[in-house]
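Residue numbers (this note's numbering), protein chains in the order written: chain A, 1 to 133; chain B, 1 to 337.
Simulated from the structure, these hints should not be mistaken for lab results.
Using N, Cα and C, we set each Cβ at its ideal position, and we do this for glycine too.
Just to be clear, a hint being listed does not mean it is correct.
[To be verified] Short derived list, chain B residues pointing at chain A, Cβ under 8 Å: (1) 101; (2) 299; (3) 302; (4) 305.
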Amino acid sequence: MRTKFAVVVAGIALLASARIMAHHSFSAEFDANKPFKMTGQVTKVEWMNPHTFFYIDVKDEKTGKVTNWAMEMGSPNGLMRAGWTRNTMKVGDKVTVEGSLAKDGSPTGNARAVTLAETGQRLFAASSQGNTQ
Amino acid sequence: MGATAAVVFASSVWVFGQEQAPGQAGQEGGAPAAAGRGGGRGRGRQAGPALPTPRLADGTVNFGRVPGEKGVWAVPYITNMGMQLVGDDGQPLPAIAQARQAAAAARGAGGGGRAAGGGGGGGRGGSKSEPWMPWMPWSAAMYDYNSKNESKYDPEGYCLPPGGPRMMATPYQMEIIQMPEHNRIVMIFEGATHIWREIYMDGRKFPEGDLLNPTYLGYSIGRWEGKDTLVVENTGFNENTWLDYFGHPHTDKMSVTERWTRPSKQTLHYQATINDPGAYTKPFTVAWDVPWRDGGELPEYICQENNRYLNRLEDDLGQPIFGPRPQPGVKPSGGTR
Numbered sequence: 001m002r003t004k005f006a007v008v009v010a011g012i013a014l015l016a017s018a019r020i021m022a023h024h025s026f027s028a029e030f031d032a033n034k035p036f037k038m039t040g041q042v043t044k045v046e047w048m049n050p051h052t053f054f055y056i057d058v059k060d061e062k063t064g065k066v067t068n069w070a071m072e073m074g075s076p077n078g079l080m081r082a083g084w085t086r087n088t089m090k091v092g093d094k095v096t097v098e099g100s101l102a103k104d105g106s107p108t109g110n111a112r113a114v115t116l117a118e119t120g121q122r123l124f125a126a127s128s129q130g131n132t133q
Numbered sequence: 001m002g003a004t005a006a007v008v009f010a011s012s013v014w015v016f017g018q019e020q021a022p023g024q025a026g027q028e029g030g031a032p033a034a035a036g037r038g039g040g041r042g043r044g045r046q047a048g049p050a051l052p053t054p055r056l057a058d059g060t061v062n063f064g065r066v067p068g069e070k071g072v073w074a075v076p077y078i079t080n081m082g083m084q085l086v087g088d089d090g091q092p093l094p095a096i097a098q099a100r101q102a103a104a105a106a107r108g109a110g111g112g113g114r115a116a117g118g119g120g121g122g123g124r125g126g127s128k129s130e131p132w133m134p135w136m137p138w139s140a141a142m143y144d145y146n147s148k149n150e151s152k153y154d155p156e157g158y159c160l161p162p163g164g165p166r167m168m169a170t171p172y173q174m175e176i177i178q179m180p181e182h183n184r185i186v187m188i189f190e191g192a193t194h195i196w197r198e199i200y201m202d203g204r205k206f207p208e209g210d211l212l213n214p215t216y217l218g219y220s221i222g223r224w225e226g227k228d229t230l231v232v233e234n235t236g237f238n239e240n241t242w243l244d245y246f247g248h249p250h251t252d253k254m255s256v257t258e259r260w261t262r263p264s265k266q267t268l269h270y271q272a273t274i275n276d277p278g279a280y281t282k283p284f285t286v287a288w289d290v291p292w293r294d295g296g297e298l299p300e301y302i303c304q305e306n307n308r309y310l311n312r313l314e315d316d317l318g319q320p321i322f323g324p325r326p327q328p329g330v331k332p333s334g335g336t337r
């Protein structure tokens, strides 16, 4: 077991205003009881349907090991309604991501909110989480 | 995976958008059927008084835009139609109203909300939690299966169309375009694979026998009941869809009678009676409100573009459903993500 890197548990706010986008089953893939908050550098953005993905390098502060995490968001339409454009997040940007981890243990997360380090802007990620009951 | 091991979890945290009124109406609007009536309110989005129902020149309801203005219907996310059943009075079934109250009370007592469904499958209670549904043994069993695996095999996750009433329960915007001079109504949908429906208003009958080819959206014939209610009869559905995200099944014997009204400018009231003698012992009726989003327009949405879910999807035996299957003696490549 490794020590934690820049991952802390967040008391995550109610995202009542976020536009949600349904596509595949959230809970089949992600575990809402495994929230995360981590900071890293964007290595790739796939602004595509049905889910936008971006990838961030997250460094383990103790070991120095860098892991590339895949982060899933809503569709470009949903993201645009939440205030995004395709250039809101660019490769090289430092971002803090809040979301839920994949059930399969892979470095994959469902992002609910993304905070851009440069501006401090926090945007909802059009996740379908929380709408599966 | 060393990476995930480093994450500290807070298992008690469950404060996402789920903690809302249990109307299953999603975050975007769609108060339970009765609540929006007259008030035209979609979960607070349309605050203020109800504006008059727009009408066409002949006096029938205009389900679309007022000339000179933009706007779309912001379809709510109805994940479980089993909680949307209404009686003849249009009100939620008493048992459902009680179940909602119990769920709300459980949440209020710090019960975490998720357990309200009766446990199993992340809080989804399966067929037993919806005793008011006219289950057949097989439809109950199928629903339990879909509950247990948390809708892993939802066809909508494959980018297939929702079909039937689920078109109005999938949270992408839509528009209704009436063309009375052509005796047709077209419904266009942003999401759910960017598709459209046509409602024939020319008084035709359903094609008979195999001329009625089963399709995702079925065959739709509409008529006006007075000037306020658009009644659409639908049949000819295939079996490739679920009724909802929760996975209520249906068969190709299903027919659906939709009743569309617009009690105010801001609110569409949708009601659908589902009659599927192949899956349910008697018909049942579901209903909810759909809020109007002033100024909205439909953007493009092509679900099939990059559906990675398909690549990751495995069957119950751990075999990929859509990707290449591992060959005997060959080490799997590790999959995609």
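Quick rundown of the hints versus the structure:
| no. | hint | in the structure |
| --- | --- | --- |
| 1 | 101 | violated (16 Å) |
| 2 | 299 | holds (5 Å) |
| 3 | 302 | holds (5 Å) |
| 4 | 305 | holds (4 Å) |
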